[in-house]
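Now for the letters of each chain:
There are 2 protein chains.
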Amino acid sequence: MGLAIALIHFPVRNRLGRVVNTAITNFDIHDLARAARTYGLERYYIVAPVASQRDFVRRVMAHWSEGPGAEMNITRKEALQLVRLVRDINEVHDNLAEETGRTPIFVATSARPLPNSISYAELRRRIETQPQNEFCVLFGTGYGLDDAVTSEVDLMLAPVRGPTDWNHLSVRSAASVILDRLRGNRDDLQP
Amino acid sequence: MGLAIALIHFPVRNRLGRVVNTAITNFDIHDLARAARTYGLERYYIVAPVASQRDFVRRVMAHWSEGPGAEMNITRKEALQLVRLVRDINEVHDNLAEETGRTPIFVATSARPLPNSISYAELRRRIETQPQNEFCVLFGTGYGLDDAVTSEVDLMLAPVRGPTDWNHLSVRSAASVILDRLRGNRDDLQP
Chain A
1 MGLAIALIHF PVRNRLGRVV NTAITNFDIH DLARAARTYG LERYYIVAPV ASQRDFVRRV
61 MAHWSEGPGA EMNITRKEAL QLVRLVRDIN EVHDNLAEET GRTPIFVATS ARPLPNSISY
121 AELRRRIETQ PQNEFCVLFG TGYGLDDAVT SEVDLMLAPV RGPTDWNHLS VRSAASVILD
181 RLRGNRDDLQ P
Chain B
1001 MGLAIALIHF PVRNRLGRVV NTAITNFDIH DLARAARTYG LERYYIVAPV ASQRDFVRRV
1061 MAHWSEGPGA EMNITRKEAL QLVRLVRDIN EVHDNLAEET GRTPIFVATS ARPLPNSISY
1121 AELRRRIETQ PQNEFCVLFG TGYGLDDAVT SEVDLMLAPV RGPTDWNHLS VRSAASVILD
1181 RLRGNRDDLQ P
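First to last, the protein sequences are chains A and B.
If you count the first sequence from 1, position 94 lands on 94 in the working numbering, and the numbers rise without skipping.
Take any residue in the second sequence, count from 1 to its spot, add 1000: that is its number in the working numbering.
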């Protein structure tokens, strides 16, 4: 199955539009790992260039994988097994290429409509029909991915929309909805 | 638009299957409020019978609605305006009936397949074609809604499924995915 996700903590924008490194949010670790597992993914990259941030994620993972949490909550352990801690997107690229033998295709997400974005149906089709490619959907924390990322990716995914113009979902909600649109059970999604 | 959501903190089950009252999770307040707003809902009920829990939610809401947070993050304020704090599901019923003038129809969610559950497409169709009804989808915290709830509701919604048998989504993820399936932009969802 040629789909992975990556949660980017740098470079992303803050509310003033400046490029920042965001803090790790505990709920992002668990919620995205659970969603990745539910939708059959094998890899969830947490991209954080600061070593102490990666150490924090390691401590959380150790608690639920080996520590007291492992017995208390088995599904949390199972989900966290998908997490890969990396420094930057290049490392995601190299790890994906090496482990899957496929060509990584990076897909950026944004809450704002951008030109040349690909639809959910089209990306789903490509994932299902291009076994030579490993697609990796990038999610920005803070106020979204910096242009340094979106200008370098292979594809932009259309924003998630409801029936309104307001679409300020948390990254946890957006990632879950996007995985459902790309990998949700087809019978469930048919009208 | 005849759809609301309610997040239930009692009666729900813990991991041992016992009926408990769960703690309020700050991220549940924000993530579900943002999802409700994105998908055009007007009401997001937080059902918590313990007064100190409702006070906690009020403090969070005040911070973002009137306090320092209101200026810092306008979308958080806009989303939280949908939150209604209530003691139990009866109060949800009465508030919905009074404010909308429609008949409340309660729809329970579960991660386990249950008999006589309704599909997403069918519930979406009913929401769009039954203006006399106000549908309210109930989400359980902890390990899910107690039978005391599921045995009393009007409808059960099918579990969210990906391509695997593993479906342990967080309540934040599940609620977001379900709202997308019921109210996501149709063009986005078409294959």
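Hint data in this document are derived by calculation from the structure and do not stem from the laboratory.
Backbone N, C-alpha and C define an ideal beta-carbon position, used for all residues, glycine too.
Treat the hints with care, as some may be off.
One side of the interface only, derived from the structure: several residues of chain A facing chain B at Cβ under 7 Å [to be verified]:
| hint | residue |
| --- | --- |
| 1 | Arg-37 |
| 2 | Glu-99 |
| 3 | Ser-110 |
| 4 | Pro-113 |
| 5 | Tyr-143 |
| 6 | Gly-162 |
| 7 | Ser-170 |
| 8 | Arg-172 |
| 9 | Ser-176 |
| 10 | Val-177 |
Verification of the hints:
no.: 1; hint: Arg-37; in the structure: 5 Å, holds
no.: 2; hint: Glu-99; in the structure: 20 Å, violated
no.: 3; hint: Ser-110; in the structure: 14 Å, violated
no.: 4; hint: Pro-113; in the structure: 12 Å, violated
no.: 5; hint: Tyr-143; in the structure: 10 Å, violated
no.: 6; hint: Gly-162; in the structure: 4 Å, holds
no.: 7; hint: Ser-170; in the structure: 5 Å, holds
no.: 8; hint: Arg-172; in the structure: 5 Å, holds
no.: 9; hint: Ser-176; in the structure: 4 Å, holds
no.: 10; hint: Val-177; in the structure: 4 Å, holds
Hint compliance for this structure: hints 2, 3, 4 and 5 are broken, all remaining hints hold.
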